[in-house]
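There are 2 protein chains.
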Amino acid sequence: MAGALEGIRVLDMGRVLAGPSCAALLGDMGAEVIKLEQPGRGDDSRGFAPMKKDKDGNNVSCYYKNFNRSKKGITLDLKTGKEVFLELVKTVDVLVENFRPGTMDKLGLGYEELKKVNPGLIYGCISGFGSTGPYRNRAGYDTMSQAWSGIMSITGWPEDDPVRCGASLCDVIGGLHLTIGILAALRLREKTGRGQFIDISLTDGGVVAEASMVEVYLATGKVPYKNGNRYTSSAPGGGYHTKDGYCVINGSAPKFWAMLVDIIGHPELAEDPRFLTNALRVKNREELDPYVEAWTMSLTTQEVIDTLLPKGFACAPILTIDQVVANEQIGVARNMFPEIDDPEVGPTRFINSAIKMEEGGPEIRCPAPTLGQHNDEIYSTILGYSPEKIQELREKGII
Amino acid sequence: MAGALEGIRVLDMGRVLAGPSCAALLGDMGAEVIKLEQPGRGDDSRGFAPMKKDKDGNNVSCYYKNFNRSKKGITLDLKTGKEVFLELVKTVDVLVENFRPGTMDKLGLGYEELKKVNPGLIYGCISGFGSTGPYRNRAGYDTMSQAWSGIMSITGWPEDDPVRCGASLCDVIGGLHLTIGILAALRLREKTGRGQFIDISLTDGGVVAEASMVEVYLATGKVPYKNGNRYTSSAPGGGYHTKDGYCVINGSAPKFWAMLVDIIGHPELAEDPRFLTNALRVKNREELDPYVEAWTMSLTTQEVIDTLLPKGFACAPILTIDQVVANEQIGVARNMFPEIDDPEVGPTRFINSAIKMEEGGPEIRCPAPTLGQHNDEIYSTILGYSPEKIQELREKGII
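Taken in order, these protein sequences are the chains called A and B. At position 103 of the first sequence the residue is numbered 103 (this note's numbering), and the sequence of numbers has no breaks. If you want this note's numbering, it's the 1-based position in the second sequence plus 1000.
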């Protein structure tokens, strides 16, 4: 099906995760995405686990393949191929990069230069702290942004060390923020004809993810800290051990608390003065939670879930990744892990976009390119280079 | 400055976080967002902490205010005001809701009905598991989606219970995914004239955030588990105690490892056969990390950072939320917490969007509405109702 971004050409100079994930989503939505890599070397993530073997027994990165599907691939040395690069930039609508700020400027290829050759260019970049401010020159990594943004200070158990979220949430949110910026800039460009510079910081995105936790401090001056799985303002709720594992339950609303006292075999708690209101249950949660956990510990996780879910409780087991992939809802009904027949490594499953639309939405449109796979196609059709010229560029190591 | 979404009208029926955060971002980008709430009651989050006092001493929710800035507010009872609702839907471009799937259908106001009166309507919804599949009727909560999506299985310490990410990442990512879907659908509608249904699941978004962790399983069958702050495939790196706290450091690349042995006062480790390559350092990390931590423990966190940052290391202190807000980069240079003079609670800081654009990008355009604040304005200007008719609707409790 034709994508919503059909007719838009994107030059993806991204590396590893944040930039490439944005460009992959644009490609999934039908944009023509050209991934530009250093000749002979490519995106560092071509060396990142997980690997699968190709038919000759070489390791091929499925990390790279996941974040670079729905793209074509070319090589170009940015130092020796500057003229070629500028010719290419003239033909694209969007450029995505996640170099350390200043890298493109040092190459003489910063936004101010590029907009001279293409005033309609939408230049989107992602970095650890954004391209303004005193930290702008620092390298960006998901874990560092989880630390600097405060996410680690609110994740984990009160008595333990701070811990990072196991998901690469700053990287992923950075890619989503840039995607939104690009779509908004494309819309504006239709009115103005002008492109613009979009500047995303992984750390800013971490702050946005904290949401109400930050607002607590902004409104009250009270600093939120890590609190395990407990809700700070409702009880009972949070994580409980079961006979064979762990689960999360929310039983704090009056309706659910009223049901829960019967389910856990303590109807007398409904009248217990310590637990009459949510505020009292929060205050006395150390005395309350053992009642709940005595019940959950008497059952398997599955039995807890099977008891509570049909009654409308919010509750969940802690799925492991293999269970997520096999899950009838996530893996099957929502098709979150479609299989692609990759020309190098054969049938492999990748992570689908979570944006489910009737028409024009994201789908994996082609497997990730091998290094320079589309050099002939792109340089001949888009820039009109002759086979001889392309061969010359190749021999000189420019592409 | 005019926003990129100027001229687009959005009806926000969202509650609490995921839906309202999407609509607020659309409003920040210049869309006319009309928040529709139940008369006399409003969005549940009007009762959520943090609270500030208004001049009469009443509690007013800054949770609500943060996620409902850049909107106008009206009230409408969806049962008694169905006709009014349909007249309103005819005039809007986008509808956002995050009810439990089926709620709007039960009211006779599902997408299939609404598109009959407005074929161009872009109907965006967010729910715990999406509107398809066997789990579609279950309630959606950030914590439950962190559990079902596998995020909790990869967050925390190997020897501890699984723990949720302290940020509401599934809610926030859900809002960002819907924003992207809406922008893509608006683009497509310009070609086709048709609206469409966009269906976002909080749990699917959690899966997307896991990124390469899921790909590890898909490509190799190996299930990733929680691993604290360690990188699984590089060393030294992760979290280390300091004299007064904790920090994260990445010293695994050859260049940084070579520097680090000198910095920590153990140049002999450069030649140590246990640590010659990254693979060996990963294998022998239990013997390696004590050398690093002996050094970090001899210094304050600030001293560690001041030593490593100028040499180009990726490293970070664990900022607490108050430190994030005061931080010269995040709070100051990036303006992530702008102050709004709120008519009810006075000057208050809110969380800015992380999308920094030259032109037409997000900015907080007005404070959140009081319940029904714009009833007269919206019902008279958009639907052309007379003051008498509006008064009648009010007296009947329809608005």
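Bear in mind the hints are in silico, worked out from the structure with no lab data behind them. C-beta atoms are modelled at their ideal positions from N, C-alpha and C, and glycine is treated no differently. Please note that the accuracy of each hint is not assured.
[Unchecked claim] Computed list of lysine-lysine pairs in DSS-like fashion (alpha-carbon distance at most 30 angstroms, straight line):
(1) Lys1191(B) / Lys115(A)
(2) Lys1191(B) / Lys222(A)
(3) Lys255(A) / Lys1053(B)
(4) Lys191(A) / Lys116(A)
(5) Lys1283(B) / Lys55(A)
(6) Lys90(A) / Lys396(A)
(7) Lys116(A) / Lys72(A)
(8) Lys1055(B) / Lys191(A)
[Stated by the list, open to error] Among the chain B residues that face chain A by a calculated CB cut under 8 angstroms, a handful are:
(9) Met1029
(10) His1177
(11) Val1207
(12) Tyr1217
Hints and how they fare:
no.	hint	in the structure
1	Lys1191(B) / Lys115(A)	28 angstroms, holds
2	Lys1191(B) / Lys222(A)	50 angstroms, violated
3	Lys255(A) / Lys1053(B)	29 angstroms, holds
4	Lys191(A) / Lys116(A)	20 angstroms, holds
5	Lys1283(B) / Lys55(A)	29 angstroms, holds
6	Lys90(A) / Lys396(A)	23 angstroms, holds
7	Lys116(A) / Lys72(A)	26 angstroms, holds
8	Lys1055(B) / Lys191(A)	44 angstroms, violated
9	Met1029	6 angstroms, holds
10	His1177	5 angstroms, holds
11	Val1207	5 angstroms, holds
12	Tyr1217	5 angstroms, holds
The structure fails hints 2 and 8 (numbered hints given earlier, in ascending order).
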